[in-house]
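Enquirer: Single-letter residue listing:
Number of protein chains: 8
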Amino acid sequence: MNPSILESLLKSVQTGSTSIANALEQLRTLPYEDLGFAKLDHHRTLRHGSPEVILCEGKTEKQIVTLTRGLLKHKQPVLATRADPSVARALKRVSRKAVYHQSARVVVIQPSAPNPLQGDIVIVTAGTADIPVAEEAKVTAMTMGSAVETIFDVGVAGVHRLFDQVDRLQRARVVIVVAGMDGVLPSVVGGLVQTPLIAVPTSRGYGAHFGGLAPLLTMLNTCSGGIGVVNIDNGFGAGHLAHRINALVDRP
Amino acid sequence: MNPSILESLLKSVQTGSTSIANALEQLRTLPYEDLGFAKLDHHRTLRHGSPEVILCEGKTEKQIVTLTRGLLKHKQPVLATRADPSVARALKRVSRKAVYHQSARVVVIQPSAPNPLQGDIVIVTAGTADIPVAEEAKVTAMTMGSAVETIFDVGVAGVHRLFDQVDRLQRARVVIVVAGMDGVLPSVVGGLVQTPLIAVPTSRGYGAHFGGLAPLLTMLNTCSGGIGVVNIDNGFGAGHLAHRINALVDRP
Amino acid sequence: MNPSILESLLKSVQTGSTSIANALEQLRTLPYEDLGFAKLDHHRTLRHGSPEVILCEGKTEKQIVTLTRGLLKHKQPVLATRADPSVARALKRVSRKAVYHQSARVVVIQPSAPNPLQGDIVIVTAGTADIPVAEEAKVTAMTMGSAVETIFDVGVAGVHRLFDQVDRLQRARVVIVVAGMDGVLPSVVGGLVQTPLIAVPTSRGYGAHFGGLAPLLTMLNTCSGGIGVVNIDNGFGAGHLAHRINALVDRP
Amino acid sequence: MNPSILESLLKSVQTGSTSIANALEQLRTLPYEDLGFAKLDHHRTLRHGSPEVILCEGKTEKQIVTLTRGLLKHKQPVLATRADPSVARALKRVSRKAVYHQSARVVVIQPSAPNPLQGDIVIVTAGTADIPVAEEAKVTAMTMGSAVETIFDVGVAGVHRLFDQVDRLQRARVVIVVAGMDGVLPSVVGGLVQTPLIAVPTSRGYGAHFGGLAPLLTMLNTCSGGIGVVNIDNGFGAGHLAHRINALVDRP
Amino acid sequence: MNPSILESLLKSVQTGSTSIANALEQLRTLPYEDLGFAKLDHHRTLRHGSPEVILCEGKTEKQIVTLTRGLLKHKQPVLATRADPSVARALKRVSRKAVYHQSARVVVIQPSAPNPLQGDIVIVTAGTADIPVAEEAKVTAMTMGSAVETIFDVGVAGVHRLFDQVDRLQRARVVIVVAGMDGVLPSVVGGLVQTPLIAVPTSRGYGAHFGGLAPLLTMLNTCSGGIGVVNIDNGFGAGHLAHRINALVDRP
Amino acid sequence: MNPSILESLLKSVQTGSTSIANALEQLRTLPYEDLGFAKLDHHRTLRHGSPEVILCEGKTEKQIVTLTRGLLKHKQPVLATRADPSVARALKRVSRKAVYHQSARVVVIQPSAPNPLQGDIVIVTAGTADIPVAEEAKVTAMTMGSAVETIFDVGVAGVHRLFDQVDRLQRARVVIVVAGMDGVLPSVVGGLVQTPLIAVPTSRGYGAHFGGLAPLLTMLNTCSGGIGVVNIDNGFGAGHLAHRINALVDRP
Amino acid sequence: MNPSILESLLKSVQTGSTSIANALEQLRTLPYEDLGFAKLDHHRTLRHGSPEVILCEGKTEKQIVTLTRGLLKHKQPVLATRADPSVARALKRVSRKAVYHQSARVVVIQPSAPNPLQGDIVIVTAGTADIPVAEEAKVTAMTMGSAVETIFDVGVAGVHRLFDQVDRLQRARVVIVVAGMDGVLPSVVGGLVQTPLIAVPTSRGYGAHFGGLAPLLTMLNTCSGGIGVVNIDNGFGAGHLAHRINALVDRP
Amino acid sequence: MNPSILESLLKSVQTGSTSIANALEQLRTLPYEDLGFAKLDHHRTLRHGSPEVILCEGKTEKQIVTLTRGLLKHKQPVLATRADPSVARALKRVSRKAVYHQSARVVVIQPSAPNPLQGDIVIVTAGTADIPVAEEAKVTAMTMGSAVETIFDVGVAGVHRLFDQVDRLQRARVVIVVAGMDGVLPSVVGGLVQTPLIAVPTSRGYGAHFGGLAPLLTMLNTCSGGIGVVNIDNGFGAGHLAHRINALVDRP
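If you read the sequences in order, they're chains A, B, C, D, E, F, G and H.
The first sequence runs 16 to 267 under the working numbering.
The second sequence runs 16 to 267 under the working numbering.
The third sequence runs 16 to 267 under the working numbering.
The fourth sequence runs 16 to 267 under the working numbering.
The fifth sequence runs 16 to 267 under the working numbering.
The sixth sequence runs 16 to 267 under the working numbering.
The seventh sequence runs 16 to 267 under the working numbering.
The eighth sequence runs 16 to 267 under the working numbering.
Do not rely on the hints blindly, as some may be mistaken.
Unchecked claim - With beta-carbon atoms standing in for the labels, derived distance ranges:
| no. | chain 1 | residue 1 | chain 2 | residue 2 | range |
| --- | --- | --- | --- | --- | --- |
| 1 | G | S27 | E | Q185 | 51 to 61 Å |
| 2 | B | T165 | C | Q78 | 34 to 44 Å |
| 3 | H | A128 | F | T30 | 44 to 54 Å |
| 4 | A | K112 | F | P131 | 39 to 49 Å |
| 5 | F | S101 | G | S127 | 41 to 51 Å |
| 6 | G | T75 | F | A162 | 55 to 65 Å |
| 7 | H | Q117 | A | R266 | 58 to 68 Å |
| 8 | F | A162 | E | K77 | 54 to 64 Å |
| 9 | E | E22 | B | D168 | 52 to 62 Å |
| 10 | F | N37 | G | Q185 | 31 to 41 Å |
| 11 | E | D99 | C | Q78 | 28 to 38 Å |
| 12 | C | R183 | B | S23 | 18 to 28 Å |
| 13 | F | T30 | G | Q185 | 27 to 37 Å |
Calculated directly from the structure, the hints in this document are not laboratory data.
Since the structure is predicted, the reported quantities are computational estimates derived from the model, not experimental observations.
Ideal Cβ placement from N, Cα and C applies to all residues, glycine included.
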């Protein structure tokens, strides 16, 4: 319901030209969602600086450009994930502020920097090939205002590399662990630290890996407590959740 | 929002004790869901006679009784599915009007009969063992007000039994086909009739049947157009959808 | 059996040149399917205007052209689904009336317009990437004679967008909900409206989406009653079923 | 064991230069597999005319040529399945007798025609897109010596097309039914005929078809008795089994 | 259509009391399936002696008894599979001729012995635990008129036990191989004999056996040609198909 | 390495009875894990009050009692999950402080209450049958020191029930959403609140639910950001992660 | 071939009553498997002491007793796995030497102790509930002659417990790692030791564990090299393979 | 911990400038993994000659080159698996010693030859298309120091080819069996030999092969004891495990 319509209704009640019973009836059948939701949505962006997200996969370049233009018109930041170089070029033509994170395949357009948070997030990967997913998580969380540090290639085949990092991990507010293949790294990290841990299985692997099913099941069945799992290759989801947790601490 | 609260607000606008700006603010932040939803819900039951449904599986007998008592207090009809004999006995102690359809495993309590619809629904089963699922569909649709006829055991292994029924099927407003094993019956029926058809896979079968997965996939991949599929053994869902379609025709 | 052959047989019975016993034998061994089926088929097309459908995937261009020519020779309308631009060009060479719906990947050739129905179908999509499947449903139902309206991008991540549309959905005779990713939209819509609802999972998604298995299972397990599910990406099947239901209401 | 070695041993027993106990010991430790197997293999080809089969998928062109040359050197017929046009060209360079069945993707090289059998095999397909698999079965069985007839496109969506063929099917020694999508055709045919029936699921389909899993499960769960199933798209296996059954009847 | 009704119609054409046009109309709308199908069905039983089959699983004891009574009234033989001892006792009360094959879990009631066939079927099992499935196949084929011999426990872990049987297998008209666990036996037998071979996976196994999925996949992917597969534990289906093949040879 | 052993070594270096090179060698080969880990573990329990967890499923009653006695000897709290009434009775015999939460199937033994945290966790369930899993999460988090509130039965079939709770959810530090069937509730809640959200699929459902696979996939594929998923029925894991996040805010 | 038959043949060659050509023919068609296999089999047992194995699951008690009696008559040791207490009692009645390992569910009957090997096998379990599988492996390997040591409950949730054991593991000839739940332990152990490692997934777990599928996939996808995997819960297979490797070292 | 730092600490204890209590504290908090792990790692390479492995799939060419340069700087051998020709060319530019095994898709760079072992490994393949996986296993084991022999194309369809090789297999220290399609070869070989056996399923196959799932399940469910399975197409893992076993025998 448009506020001006509501205002008119109230005025006509005030002046007596609409009876209370009649106004009651009109209010009862108002599309309720116009009352508060849009405002709530607006507040959300202002308060958290979390940008609207465009998952580019499955959309035409034209659709992506239109969506981006719409967001920019309302001064909203843009986070376009799964963007190939061609999409990135198109968005750079839309806005000079567009930055393409190639390994993460993410385009970011931020009219203004988000308020930085005090704590930080550490992202750990098991292998080199998991880095793109970790980068997607990193760009997501940083665009939302979190500080992020990455530690790559500390898989359990050489578990001592991980142990060097335990103190660093323990100091983070949130730890994201990205792993393909057997996906065992989150279980091991979960046995070492007390921070909330987000596990991200990746599609890196072959054979009985089934496109990431293997590490996904490993992580869901972990014996180490305190681990939340996101979808295979879902760096964005991990970065988003990590930021939510990080933002929680600074919430007034 | 309680209507009386809303009425008070409007009155205070009328008398001038609340300014329009202030009333606008209060309305904007009202819990929207209190405005219309409950009323809508109320209307729904009155208009369609569709009872609230209690899926007994996974609930304690005590919970089922409490839910039933709550519904009856508001004069609402009750449809309790997947009810074993012990639950049925308990509900009969709650209300004398409780009727237990044993094969369907459904308890129905109807304070008053629903308005009968003119058209009817025909339910076909491939085998004898599919009958309980068909009965669940039948009781569901009848309790909601539809007339239902059943034709059992016309599987394609003796396809001529089916052909005798084509005219009967064609005259129905909706046809429900219930089949376990290979689940091919809906495809064959769908090639013979023009009525909307609802396919229900059942868990009847063994081996590579995987609890109903085989007929479910058969039905989803049917080459015959105009078929909607519901969950394995979901007689209730099929009966509900069939009634919705049947009711549509009589909608003023 | 050709009616003229049957006529000759009856005449020779009438004139006595064929004995009753002999005629009985001939009738008993007639290919029964020639008696009524072909005629029934013929009636079907005339009555409903539902075109023969060619699923182009898996067929050679040459096969598609031959099938189309055969249908046109009998003045039947053509609906060629999953048609890529090259197939579309080939069919335009076959008939000037061929229209290519690019997003839907459907070619339609209609010698004459179907009788329009009074009620209408509303198709809702959860995301932008679900639009092609929705368009396939739309073109299918419209070619058969239904009026169709589409509402795109009302996924539950911003659930207020959906609530604005509840009245519109409630007025439709049938609602089709198309959703990839988690496929939750049909469950939410099903809780809001009383019209028959057809749910179409799409292959849009990644990771543990498994090519549409995830939203398919979501829809089959919905707690909201009255929902029929079709195969992943099966816009045609949804459009066909929706039209069958819509046509039911106008059936004399 | 080389026959000449065995002959020497027997001679030395005959002449007394080897004692019976010693000969017994030598025979006992002979590599048994050299006694009879190779001869058996040789007999097999001569008696049945069944060619050695080369599954081209997964082999290099060079390997395929080498295998073919080896077979031809021993005057053995060649049946190369899953052969793309490039392989076909290479084999035509190896032998002028090479014939490429393009739709079946099979290359046949037969030094001499096999003894023809008296009965025949009928191959039925549900749809146009199943034809390549049916052709693979046909070429296989014909190359082995069976007569084969094909009936295409008699899916159950227009079930009367099938009923016209019941007598023809009943006269065949073996019926092969090839079907993708929902795979219901073998169940329907199995309810109509008494001949041994071989069902071949194909990968034709989409969505919850899962590359042929859907029709495979349908066929394995058929309610119609007397049906044997082969792997998805395995036209070769079906043709081979059909020929074995056909050959059985003419076995002296 | 009842023949006497047809006769009356023809007579009234002969006498002129029904016009040809009117008779034509009546014939056109006759339920075609009454013309030939029932007769065909009747012939089928007389000619082959194949009994009607009752799959007891999923049926109530009362339903099984009713079905049995119905068959016996028409002098038809009965084959009730998956019958537990309680069902067997009930059927023995229905007919003194009822025989319970306990390991096979099959009840047979045969008013008269079927015509014996000349060739025979050999059934091989990999392990002791596969015997019940083999027995179901044996009872099925024998009840239909085939001679059957069984060879138990010749799994490949001691492959020499199998080789002793090659000649015996080669002499059979059909070989059925029943195997659980890894299901490799049909592949090995298929490399040794030239007879048609039916492979039956069983649910015997544990862990990654998944209720018989493992041997089912093994058998479907066999490199040995000429093998047809039936559902997991489907001894009935294997016996039925084997008998069909066996009967084919003796077909006049 | 026992500290006293290390002390002796250092003393002998100090006194010169061990050379530096020799001490270096001894230190290099020390079992490193004895240096710090055990102490770390000890600290962990003291600082966070998180009890050692015993998953009772798969353990004998005797083993559970022994493990419990061991923990109590070191004054550690005990959280025994998946404990049936018989186990509960056994543990009550071990300690009077044992409390059995029957619906949650958890036994808790806490020598002293944990330090309470300021923020709280809200647990929401879609249906009545999801309550036991929610209770496991609740008992887990409360035993660790978090305040927990539960809101039961707010599934999307009656979505207005959920909207009444949005403000309450928004005020929580962490929201846990427990849902079986289609598992859509977390997606809807995730679109309404900004707090970190943990989704728990349950095994409640039937048919194509596959023991919780359906809601698990729904939750992993959610379009709503900021959601971490735990294993099916893993109330403990959800409660543990929620507490970790809650504890993070109060971390000095 | 019976040796006495072979002897007669050779004698008739010696005496000249059978020609060499004729003897050659007879030998060529001898069932080769009777020549050497049985002897080979006999040798095998004598040399390695590996007993014949009876998998009791799926066999009747009567069958198990008969098989056991047969083995004992030939002085062969017996290893009966998956034996419930009732089977154990039956075998104790067969032989006083029968020993029942209850946790392992294995009955062993050894006429004489096997030759002990010098090296040993270490079996590690992740959790308490994995012990029965580990015990099956232990009893198997010990019955065959290997020395075995077990280390229970060193899962990665408390990874320091594992590190205390690295030296012990490194000294073993073979390490078996048994783990349910997430199955990560073999990956971690594989990164620490250089000995051959056998991984055994167990069915311990719930939810997305799918009866052991989760740890099975984890182990197959391990990044740590040098790991062989056996079937879920297959302690026997692991013990057998470990013994084969251990025996290899002592092979002369 | 750097040894020089440790030396300084010990010196300051010796000289008295650090108290024992203080030194104890410093040692206790040392990063334990620096004490022994690196040295262990170093030893490992020197002793076994096992090279660091780079799985090229999923890594950029630039990353592979950087990793290779790092290894060569420390004089370590390099084994780069799943290397396409372009990667091979890049590594040849890095080192003249780089050798590309094209069929195996492996690049090896060995500064010096490993110590050869005395025993050997035999690798058997079922079909020609399995050769690349066998070659990966071969190159892996040979690079580590094992002698390897290969026997290709001895599938069970012609089982006599295998029996010719039994003695050869029996003499090997380890046998690797590589098989796609139905994957039955390891079961057959396992029944013939007593050596440790490693089974490798391959992705060669089609239809219900599901990318190697079929032979994987076959191998895991084998009835033949003493078989360890590795991931689909994991030639590297099989070669690595075979070498570990082979090296065990020569271990002093």
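Enquirer: Run through the hints listed earlier and report the numbers of any the structure violates, in increasing order.
Expert: 1, 9, 10, 11, 12
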